[in-house]
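There are 2 protein chains.
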Amino acid sequence: MATQGGINVAIVGVGLVGSSVISQLTTIPSLASQLHIVCLQNSKKTLLSTASSPLSLTGSSDWKSQLANSSTSALPLPDLVKSLQRITQDSKRHTVVVDNTSNESVASLYPEFLKAGLSVVTPNKKGLSGSLDLYKAILANSSPDAGLKGPLVYGESTVGAGLPIISTLKDLIQTGDKVKKIEGVLSGTLSYIFNEWSTPAGGSKKFSEIVKIAKDNGYTEPHPADDLSGSDVSRKLTILSRLVPSLTGKLPKGFESVPTHSLTPAPLESVTSGDEYVQKLPDFDGDFDALNKAARDEGCVLRYVGVIDVEKGEIKASLERYPSDHPFATSLSGSDNIIAFHTERYSARPLLVQGAGAGAEVTAMGVVSDLIKVAERRG
Amino acid sequence: MATQGGINVAIVGVGLVGSSVISQLTTIPSLASQLHIVCLQNSKKTLLSTASSPLSLTGSSDWKSQLANSSTSALPLPDLVKSLQRITQDSKRHTVVVDNTSNESVASLYPEFLKAGLSVVTPNKKGLSGSLDLYKAILANSSPDAGLKGPLVYGESTVGAGLPIISTLKDLIQTGDKVKKIEGVLSGTLSYIFNEWSTPAGGSKKFSEIVKIAKDNGYTEPHPADDLSGSDVSRKLTILSRLVPSLTGKLPKGFESVPTHSLTPAPLESVTSGDEYVQKLPDFDGDFDALNKAARDEGCVLRYVGVIDVEKGEIKASLERYPSDHPFATSLSGSDNIIAFHTERYSARPLLVQGAGAGAEVTAMGVVSDLIKVAERRG
Numbered sequence: 001m002a003t004q005g006g007i008n009v010a011i012v013g014v015g016l017v018g019s020s021v022i023s024q025l026t027t028i029p030s031l032a033s034q035l036h037i038v039c040l041q042n043s044k045k046t047l048l049s050t051a052s053s054p055l056s057l058t059g060s061s062d063w064k065s066q067l068a069n070s071s072t073s074a075l076p077l078p079d080l081v082k083s084l085q086r087i088t089q090d091s092k093r094h095t096v097v098v099d100n101t102s103n104e105s106v107a108s109l110y111p112e113f114l115k116a117g118l119s120v121v122t123p124n125k126k127g128l129s130g131s132l133d134l135y136k137a138i139l140a141n142s143s144p145d146a147g148l149k150g151p152l153v154y155g156e157s158t159v160g161a162g163l164p165i166i167s168t169l170k171d172l173i174q175t176g177d178k179v180k181k182i183e184g185v186l187s188g189t190l191s192y193i194f195n196e197w198s199t200p201a202g203g204s205k206k207f208s209e210i211v212k213i214a215k216d217n218g219y220t221e222p223h224p225a226d227d228l229s230g231s232d233v234s235r236k237l238t239i240l241s242r243l244v245p246s247l248t249g250k251l252p253k254g255f256e257s258v259p260t261h262s263l264t265p266a267p268l269e270s271v272t273s274g275d276e277y278v279q280k281l282p283d284f285d286g287d288f289d290a291l292n293k294a295a296r297d298e299g300c301v302l303r304y305v306g307v308i309d310v311e312k313g314e315i316k317a318s319l320e321r322y323p324s325d326h327p328f329a330t331s332l333s334g335s336d337n338i339i340a341f342h343t344e345r346y347s348a349r350p351l352l353v354q355g356a357g358a359g360a361e362v363t364a365m366g367v368v369s370d371l372i373k374v375a376e377r378r379g
Numbered sequence: 001m002a003t004q005g006g007i008n009v010a011i012v013g014v015g016l017v018g019s020s021v022i023s024q025l026t027t028i029p030s031l032a033s034q035l036h037i038v039c040l041q042n043s044k045k046t047l048l049s050t051a052s053s054p055l056s057l058t059g060s061s062d063w064k065s066q067l068a069n070s071s072t073s074a075l076p077l078p079d080l081v082k083s084l085q086r087i088t089q090d091s092k093r094h095t096v097v098v099d100n101t102s103n104e105s106v107a108s109l110y111p112e113f114l115k116a117g118l119s120v121v122t123p124n125k126k127g128l129s130g131s132l133d134l135y136k137a138i139l140a141n142s143s144p145d146a147g148l149k150g151p152l153v154y155g156e157s158t159v160g161a162g163l164p165i166i167s168t169l170k171d172l173i174q175t176g177d178k179v180k181k182i183e184g185v186l187s188g189t190l191s192y193i194f195n196e197w198s199t200p201a202g203g204s205k206k207f208s209e210i211v212k213i214a215k216d217n218g219y220t221e222p223h224p225a226d227d228l229s230g231s232d233v234s235r236k237l238t239i240l241s242r243l244v245p246s247l248t249g250k251l252p253k254g255f256e257s258v259p260t261h262s263l264t265p266a267p268l269e270s271v272t273s274g275d276e277y278v279q280k281l282p283d284f285d286g287d288f289d290a291l292n293k294a295a296r297d298e299g300c301v302l303r304y305v306g307v308i309d310v311e312k313g314e315i316k317a318s319l320e321r322y323p324s325d326h327p328f329a330t331s332l333s334g335s336d337n338i339i340a341f342h343t344e345r346y347s348a349r350p351l352l353v354q355g356a357g358a359g360a361e362v363t364a365m366g367v368v369s370d371l372i373k374v375a376e377r378r379g
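Read top to bottom, the protein sequences are chains A and B. Positions 1 to 379 (UniProt numbering) are the ones given, in order, by the first sequence. Positions 1 to 379 (UniProt numbering) are the ones given, in order, by the second sequence.
Derived from the structure by calculation, the hints contain no laboratory data. Among the hints, a few may not be true.
Identical copies go unnamed one by one, so any copy, or any two together, can satisfy a pair.
What the hints assert, rightly or not - Each computed DSS-like pair below joins lysine-lysine, with the alpha-carbon atoms no more than 27 Å apart:
hint, residue 1, residue 2
1, 92, 149
2, 115, 92
3, 136, 316
4, 312, 181
5, 64, 178
6, 181, 64
7, 149, 170
8, 316, 180
9, 115, 136
10, 92, 181
Sequences and hints are given; from them, build the entire structure.
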């Protein structure tokens, strides 16, 4: 069946998201016949398909042991590219690299993958939210427009995981709508913290208590400052804003160019241990309480949001007040993301998308949806 | 430029939506170079591209006069198919028919278009929500799966206009999520009427008054019973439910098989004049008031919704109560649509999409997004 159409899929990074991707690709018959896994690679090992012995991956225990038992140590990426080019030629099928890592080093090589004719599908934010030079190199070597035949880049899961956010923004722009403002709660962790803490009635728990609960439940990174810094939000803003024609060239250093409000109190900025951070955070609950009360006194709640104001040319990750009847106040709960597209067509009321914006299964869904798009266009 | 890739677009129906489609295709340079309009047809005239004189459509007044002045009377559809097959051969480009009519007669010919190799893009609900026999014939003659090369069918705008509803449902299903329940306010007209009438505080206007305002403002069909019958909702439910594998074969007569609550009081069912209908509706305000009060006494509001309960195998268009803190109560306003996908992955809270679900510009956006997908796959 090896030459009956479809595309090859090379999976780099087989952690939680990668495992879910493999699971979806191997257990859904209509996908298994179109999306042929030809490579698995983690930091230690590489498992490669060859003409004489194509990969045959079934259950989850199976591929894990095959990869662990592979005699090939993890290939340096330039070597991996060469192997994938050979597989492309032998199989006469287009090949896509799925970057399930969160590594900058993998992301920095997307232009090389593309130059070698390999498409890229990625939930890794590092590439698309990095420097403008890298972003331009990615654009220059891919062929997004219909009618062109080169390699493609898709990263739906970089923002909101499986939620249709990037595809919707692309549809709006490609069909000529004018985006005026994009505004959203884009971090699941910060959504949870503020939904619990800043309510119209006033929550019963202190800011630091909720951060501790979030950390204890694994909702935050090991060091909560990595969430409270807002950089996850500014990375997502970078990725979205670059899809808006008038903003594509605006952030030379990528997410580092986005004005980003850090929630970490200045005296804690140098604390490198997550545990120590959580231990010291209560010292600052008074400051947080004051912010919350000031919002409540105006009939508002606080939300940590990303804002792209296209008309003003302003992009920022910040703490904002919303009236208690605003959708960001009323309809959010748990760790849901919500995004509002205010456009010329959706002017009276925005186009809204809401739902779980993190988690392995929904992130993998975004990745696999992207892979289906590549297969539809290059299979 | 005629043979530089892209696809041919034949537009049948040039009313409000058709005009917006033409406007988007002719004014956005990246689209104009990929989506080549080769035919316009209304009920009177046909304007066809030929090898020696390709259509050249610019401003809106231009194509309207070209069509009006065409020497070709509107072609019977079988003749149109033959002409489009000839254009396909001459141009060496794939051709897609856009059905912007709301005619059953055009929709019933989709299988013939497809058999002739022509793709179909449509905002017309009649085909996809018609009999199961027609639906099966449409499926049997199109090639949705990646890797196949035949004609395609897309109808994003049949539900929620430009909102990403059908594409999201397809992504969920194709990547192996299990849909448990789909629930939504799917009629812009009924959304407006209930948002105004059934509020937690109790509205100040009678049901009949709001229907009259809606009619006077053109938010309803000329005869409001066409909206209040719920058939627009049951058509949309038919289209969505058929995408769910376990429900595809469930509605033999299409939307007519969906249990649908009509809001028209029984004594008014035979009233054929919209004006007379609106004049007599106040006689029944007492009944409507009682329904509203009963809901309010339980802390609820009334919404006219479509429900697809996959687990129960139940599909219905009905009047339901929602607690006043439910998103259908709190975050809806104007004539917005909202849809909630409850799935295995989005189980704690549903995936929500909300926004304007009607209007020529947003409907055309859904059509043009679909055309871009066809161009990406067949251009």
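**Report entry** Numbers of the earlier hints that this structure fails to satisfy, in rising order
**Finding:** When the structure is compared with the hints, numbers 6 and 10 turn out to be violated.
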